[in-house]
Amino acid sequence: MLVTEGKALSEVEDIGMDVDFTSPTDLSEILKEGTKEAHDRAENTQFVKDFLKGKIHLELFKLGTAALYFTYSLHRREPLERDLEYFFGPDWKNEIQSSDATTAYVERIHYVGEFEPELLVAHAYTRYMGDLSGGQVLKKVAQRALHFPSTGEGVQFYIFDNISNPTQFKQLYRARLNSLELDRRNKERVVEEANRAFEFNMQVFEELDQIGKLLPKAPEGGHLMHDGKGNPRMCPFYTAKGNVESSECPYRTVVSLLKSSSFQLVLAIVVALIAATYLML
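Going letter by letter, the sequence shown gives residues 10 to 290 in the working numbering.
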């Protein structure tokens with residue numbers, strides 16, 4: 010284990026904020042340079058750009074939070090459970106399921122943990138460091154766009170009570186990362202695994218972009234303009250030449266798609282990986 014937020018409390022105070030301990034051969038620097046292209050591509054997906062502008066549907070944010078629950082099994086699971094109860098109610102465990110995209114990523118993590126555990130550092134690096142970087146930006150965007158309470162309901166995942174100074178903690182984390190005894194080849198394997206993580210999530214972003222095209226446009230505030238109720242002729246998905254004989258609103262079909270096993274939580278680590286795209290900020 011590199012470092013946990015609790016064990017780092019005393020050590021983090023000893024890290025100077027303006028001191029650079031890195032060198033071109035340090036694992037943290039090799040990871041930064043080796044994932045730059047994937048980082049930039051992920052950062053420029055339409056879904057990420059829209060999210061950062063506050064154009065995020067509440068339903069997608071809820072599903073993304075649920076996806077994180079299936080992916081994280083370490084220190085962030087408890088706050089995720091609080092978020093899920095806030096979104097889905099006390100019976101939330103029966104309201105969520107892992108999508109194909111989420112399952113594929115989780116299976117990869119399990120495989121690495123069993124057969125190539127040294128590569129887990131790549132996933133820890135992109136996840137937990139991202140949560141402390143871009144994740145803090147996303148928390149503010151979500152609270153503002155979706156009108157979440159200022160007391161933190163719905164975004165508990167992004168609150169680290171035991172870390173008073175994220176910048177210093179990240180410096181300590183990088184120092185621990187660089188202290189790992191890995192030869193050049195194994196450092197390269199870690200970078201390859203980190204890039205694999207980005208690829209998993211860019212596939213998720215592409216799916217989300219397609220789903221987003223089927224959803225009504227969210228105005229400022231992130232709320233849907235149409236809830237699927239009432240006269241289906243008023244649904245924005247109907248066109249002038251469309252068949253309006255059916256009593257079923259197309260919006261409901263889209264929502265059903267979002268809740269299906271193929272797409273329910275298709276945001277397998279969307280929020281975490283969006284955070285990872287801002288890892289070096």
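Keep in mind that a hint or two might mislead.
Quick list of the computed label-pair ranges, beta carbon to beta carbon [claimed, not checked]: (1) R153 with R185: 27 to 37 angstroms; (2) E104 with R194: 19 to 29 angstroms; (3) E116 with R50: 39 to 49 angstroms; (4) E87 with V146: 19 to 29 angstroms; (5) L191 with N103: 24 to 34 angstroms; (6) E52 with T176: 31 to 41 angstroms; (7) E38 with D100: 38 to 48 angstroms; (8) K45 with D109: 27 to 37 angstroms; (9) Q219 with G63: 14 to 24 angstroms; (10) V146 with K45: 17 to 27 angstroms.
Here are the computed lysine-lysine pairs in the DSS-like style, where the Cα-Cα straight-line distance is at most 30 angstroms [as the list claims (entries may be wrong)]: (11) K62 with K179; (12) K41 with K149; (13) K149 with K102; (14) K222 with K58; (15) K196 with K222; (16) K64 with K196; (17) K179 with K196; (18) K149 with K196; (19) K62 with K149; (20) K179 with K45; (21) K62 with K41; (22) K196 with K62; (23) K64 with K41; (24) K58 with K41.
Keep in mind that the hints were calculated from the coordinates and are not lab data.
A virtual CB, placed ideally from N, CA and C, is assigned to each residue, including glycine.
For a C-alpha distance cap of 30 angstroms, please report whether K64 and K196 respect it.
violated (38 angstroms)
Is K58 within 30 angstroms of K41, Cα to Cα?
holds (21 angstroms)
Holds or violated: are the alpha carbons of K179 and K196 at most 30 angstroms from each other?
holds (19 angstroms)
Should the hint that E52 and T176 are 31 to 41 angstroms apart at their CB atoms be regarded as holding?
violated (21 angstroms)
What's the verdict on K62 and K149, does the C-alpha distance respect the 30 angstroms limit or exceed it?
holds (11 angstroms)
That 27 to 37 angstroms hint for R153 and R185 (C-beta), does it hold up?
Holds, since R153 and R185 (Cβ atoms, about 34 angstroms apart) stay within the stated range.
Against the range 19 to 29 angstroms, how does the distance between the Cβ atoms of E87 and V146 compare: consistent or not?
holds (23 angstroms)
Is the hinted range of 19 to 29 angstroms satisfied by the C-beta distance from E104 to R194?
At roughly 45 angstroms between Cβ atoms, R194 and E104 fall outside 19 to 29 angstroms, so the hint is violated.
Hey, K149 versus K196, does the alpha-carbon distance stay inside 30 angstroms?
violated (34 angstroms)
Sort out whether K41 lies within 30 angstroms of K64, counting only the CA atoms.
Within the cut-off at roughly 29 angstroms; holds.
Given a hint of 24 to 34 angstroms, does the C-beta separation of L191 and N103 actually sit inside it?
Distance hint for L191, N103 is violated at roughly 43 angstroms.
With 38 to 48 angstroms as the target window, see if E38 and D100 comply at their CB atoms.
Since E38 and D100 have Cβ atoms about 47 angstroms apart, the given range 38 to 48 angstroms holds.
Violated hints, in rising order: 2, 3, 5, 6, 15, 16, 18, 22; the structure is consistent with all others.
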